[in-house]
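**Student:** Residue numbers (the working numbering), protein chains in the order written: chain A, 1 to 336; chain B, 337 to 670.
Bear in mind the hints are in silico, worked out from the structure with no lab data behind them.
Since the structure is predicted, the reported quantities are computational estimates derived from the model, not experimental observations.
Quick reminder that beta carbons are idealized off the backbone N, C-alpha and C, glycines included.
There could be a bad hint or two in this list.
[Said to hold, decoys possible] Partial list, derived from the structure: chain A residues whose beta carbon lies under 8 Å from chain B:
# : residue
1 : Leu-197
2 : Ser-198
3 : Glu-229
4 : Asn-231
5 : Tyr-248
[To be verified] Derived, one-sided and incomplete: chain B residues facing chain A with beta-carbon distance under 7 Å:
#  : residue
6  : Gly-364
7  : Phe-366
8  : Val-386
9  : Arg-388
10 : Arg-393
11 : Ser-448
12 : Leu-507
13 : Ser-508
14 : Tyr-515
15 : Gly-523
16 : Arg-634
17 : Pro-638
18 : Ser-639
19 : Glu-640
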Amino acid sequence: MKCRWIALGLIVLWSVGCIAQEATRIVDQAGYTVSVPSTASRIASVYGIGTYTVYALGGEDRLALAFYVGVKTVASASDVLLRWEPRLSEILGFGDPNVEELVSLRTDLVLADASRHLDVAEQLRDLGVPVVLYRVETPEALIESVILTGQVLGPESATLASEWIADYDRVVVSISEDTASLAEAEKARVLFLGTSLSTVAGGDMYQTSLIRAAGGRSVTAELTGSWNEVNLEQILRWNPDVIVIPPYGPVQPSAILENADWQALDAVKTGRVYRMPRLVAPMDTPVPESLLGIAWLASTLYPERVRLDLAAEVAGFYEKYYRFPLTQDEIGRIAQ
Amino acid sequence: MIAFSRKPPVWVLGLIPLAAFAIALWVGRFGVHWGDTFRVLFGLEGPSDVFRALILRVRLPRVLAAACVGANLSVVGASFQGLFRNPLVDSRILGVSSGAAFGAALALSFTSHSLWVQAGAYTFALAAIGLVMMIGMRFGSSALVLVIGGILIGALFNSFLGLIKYVADPLSTLPTITYWLLGGLNGTQWSDLPLLLTVSGLGLNFFILLRWRLNLLTMSDTEAQALGVRIRGVRNAIVAVGTLMIAASVALAGTIGWVGLVIPHVARAWVGPDHGRLIPVSAMLGATTVILLDAVARTALPSEIPLGILTGLLGVPAFLVLFLRFLRARGEAT
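Starting from the given sequences, assemble the full structure and let the hints guide the process.
**Tutor:** Next up, the structure:
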């Protein structure tokens, strides 16, 4: 564990050194060497998850086009999101990125998703637009993506990146200390649902790592890949202690708590069915804000044990990384 | 024609779906002793509330739905193959499935409530066949016009479906639509069943009563008319009832391929081309196949296997075997 942090620290130092030059040469998460202009001022992020990292590292003013997770139109954006990004109607994009559109916007850097945008990236490179590809589904890859974004955005962002890594580490270590005395069998068995009652998060997803970091055990850890479709019998067989619903999609806790077929589950008997709250980013996805997701889940699983002050963490994160003060009411939506 | 040397009485075949039904109620991810399954079914004391709920509320509606879907697809497939005098036809020929798929996707982009999804699928399945019939009325409803109309309307609804998928939210709606289109019975509840049970019951009876007339429709229009059958009326009635049965099946289970194509051929290989036997045997074999495949779909792995994938995996080799036997019978293959 220690070794990894030292190595990451060295990468950060190295990156700070690099940024002093005109153009920064970096290796993105798909293995491409990219020459990023240090003056990149019209950035397009066509990877919703990557967009939130740009904000967390203070690069939002340089976005010329941005995709957000689950935000299709300005009309569908929440009040917090509209206040958080006043330029939303100007820069919001959605769907498949259009190469010509990206070029006509005079973007000088594109942030994209390695699992979906390899073709688009190829075309953009041919047109002389540098592309940084992300591949994020584990905590390690998240940290790597934050460092990478810091390198791309410049020295101030690189400093914020290393501060965020320290914060992430602090939250994870604090929770693991609080839950250290729990034997494996005592840990809460968590089912992470998807956007329907029969969709569950597979073992390779960030959600599984999130549950582990929060001191729980994912009952679906044995499943491979992304979202899996399962039947009620399998859920009865897992019989989770806690059910978590993601902050997007139509499922609400009442759909489970009031469903006659789900009453045999321990989570339903004890009423431990929660929908993850959301202000800006979905905290269950590999975004910087997921450190609040870990803190929220740990506080929800073990309210007696976890010492972290969730309200202070939420307020502090939004203040420091989004430069966006929250109202008490908004803080209360996450920290009840 | 390939036929088995002895034709078993139809009532004996009725035992096969019953056995499949019993097996399907017993197997599942959540282990239940067969004795408990029996006690729950006959209302005897003993099994826990969880077992009772599992068998009566989770498995029973799903197995019933599987039986209806399998019987509907096969019977409609068998009768359409006769009606259109084309052995490669199945229920999708008239664009009904495409209409249903579009309707379901449209509903799914607003709500995930299964009754709305069913309603959407059913409505647009009927809209699709309505358009095909309008084409038929304009150009004379011969088998050819209906088939061409079905292909056109099916293609139209496929484009609409593509549009819905294009604008769907890739994080929540799109995976739901994609999964629905793969076909399956996951999450079937009693509240989903009234339409399917009613339409299947009436429709299957209609086809069983009409099965002798179907033999006449396999002749050319002029031959049948010479025998005194009012061909257009009968054909329209078969298309209409068949469509209702397919729409009800697709609305609940999504698009499940191969059953409607292969099962009638298996039945034909067994009892011959006479619709008097072919229709009931297709119903029984279809019900059995879908019941058993659905049992595999929900039991084999922790995650559900889409039923449409399983029917394809089994349907393609089964079709090849039948085709090879057909070629051998004609002396074109060794």
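**Student:** Take the hints in turn and mark each one as holding or not.
**Tutor:** Structure-based check of each hint:
1. Leu-197: Interface hint status for A:Leu-197: holds (7 Å vs cutoff 8 Å).
2. Ser-198: At 5 Å from the nearest chain B Cβ, A:Ser-198 passes the 8 Å test, so the hint holds.
3. Glu-229: The hint holds - A:Glu-229 has a Cβ within 8 Å of chain B, the shortest such distance being about 4 Å.
4. Asn-231: At 5 Å from the nearest chain B Cβ, A:Asn-231 passes the 8 Å test, so the hint holds.
5. Tyr-248: 6 Å, holds
6. Gly-364: 5 Å, holds
7. Phe-366: 4 Å, holds
8. Val-386: Result: holds, 4 Å to nearest chain A Cβ.
9. Arg-388: 10 Å, violated
10. Arg-393: 6 Å, holds
11. Ser-448: Since chain A brings a Cβ to about 5 Å from B:Ser-448, closer than 7 Å, the hint holds.
12. Leu-507: 5 Å, holds
13. Ser-508: 4 Å, holds
14. Tyr-515: Interface hint status for B:Tyr-515: holds (6 Å vs cutoff 7 Å).
15. Gly-523: Holds: closest Cβ of chain A sits about 5 Å from B:Gly-523, inside 7 Å.
16. Arg-634: 5 Å, holds
17. Pro-638: 5 Å, holds
18. Ser-639: Because about 4 Å separates B:Ser-639 from the closest Cβ in chain A, which is inside the 7 Å limit, the hint holds.
19. Glu-640: 4 Å, holds
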